[in-house]
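S.K.: Produce the complete structure using the sequences and hints provided.
Okay, so the sequence shown: first residue is 30 according to the numbering used here, each after it adds one.
All clues stand as given, with none of them false.
Straight-line C-alpha distance at most 30 Å; calculated DSS-like pairs for lysine-lysine: (1) Lys58 <-> Lys338; (2) Lys171 <-> Lys205; (3) Lys58 <-> Lys90; (4) Lys205 <-> Lys90.
Treat the hints as calculated values from the structure; they're not laboratory data.
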Amino acid sequence: MSAAVLLEVSDLRKHFPVRKGIFGRAAGKVHAVDGISFSIHAGETLGLVGESGCGKSTAGKTILRLIEPTGGTIEWRGRRIDGLDRAGMRPFRQELQAVFQDPYSSLNPRMRAADIVAEPIRNYQNASGAEIAERVAYLFSKVGLRADQLVKYPYEFSGGQRQRLGIARALAVQPKLIVCDEPVSALDVSVQAQVINLLEDLQAEFGVSYLFVAHDLAVVEHISHRVAVMYLGKIVELTDRRSLFRNPQHPYTEALLSAVPLPDPKAKKKRIILAGDVPSPITPPPGCRFHTRCPYVEERCRNEEPLMKQVQPGHHVACHLR
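M.R.: Here you go:
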């Protein structure tokens with residue numbers, strides 16, 4: 030892409046200690062995110078997909094510095110932010126926002142909808158009460174909420190409306206990147222489509238970028254420009270949407286795509302059933318982390334970790350077979 034790079038993540042790691050005993054001594058660590066690298070350009074949506082527990086949500090929260098990284102670097106518009114303290118991060122909070130999975134628990138139940146959207150404006154921008162009220166009303170109209178809903182509390186909204194409210198709050202301070210952490214997984218299918226279309230419309234109008242964390246490949250295919258596939262804390266494939274869905278290179282990606290339902294009931298697809306369960310992130314297997322379930326496993330896969338390499342222009346994969 031020719032657009033400027035907003036976010037550059039290099040070898041990002043997040044490990045959580047496992048503590049045991051009455052003294053809480055460290056007995057190991059969970060390798061939630063274990064060395065991932067990618068970039069996001071202005072106006073782009075990068076889909077981050079994988080099974081539950083692969084580390085994709087942890088990656089999003091670490092990038093936002095909601096949790097502290099264990100290692101690696103996070104560069105925002107050319108400046109490292111992974112080592113900044115709370116005060117140092119404050120100027121960047123306005124440009125980095127989030128939409129969370131549960132639209133109810135992410136909203137303050139004691140605040141009216143207008144105050145929820147106005148709060149970040151008061152925190153980060155020097156605006157009068159009239160200017161804030163005007164901005165909030167404008168955002169409500171942009172996300173498809175009515176003016177009479179400004180005085181309502183979160184419990185008075187439906188699930189889809191609450192997620193729209195969360196999107197309005199994220200847009201309130203005019204961010205450049207929004208981390209969308211499973212933003213439609215808790216919604217009905219019909220409402221999911223409405224919210225996805227809303228996010229696309231807002232991107233076209235405001236030029237905002239998204240890191241779109243999801244496990245639903247059909248949703249990711251619809252909204253993403255590029256897609257990164259995660260497995261057990263690692264990115265195993267990274268490419269543009271068309272290449273991923275038409276020509277997957279990693280066996281894990283092939284298995285994920287084989288499980289996506291086809292809209293044509295007469296169409297036939299060979300389903301790839303993976304053997305066994307996902308290994309524990311506390312003791313990930315040596316070599317390729319997918320080798321315990323891979324139908325094409327070779328001896329070197331069990332001992333040598335594959336490096337991410339470019340197999341086609343813009344198409345990167347970590348697999349010994351490619």
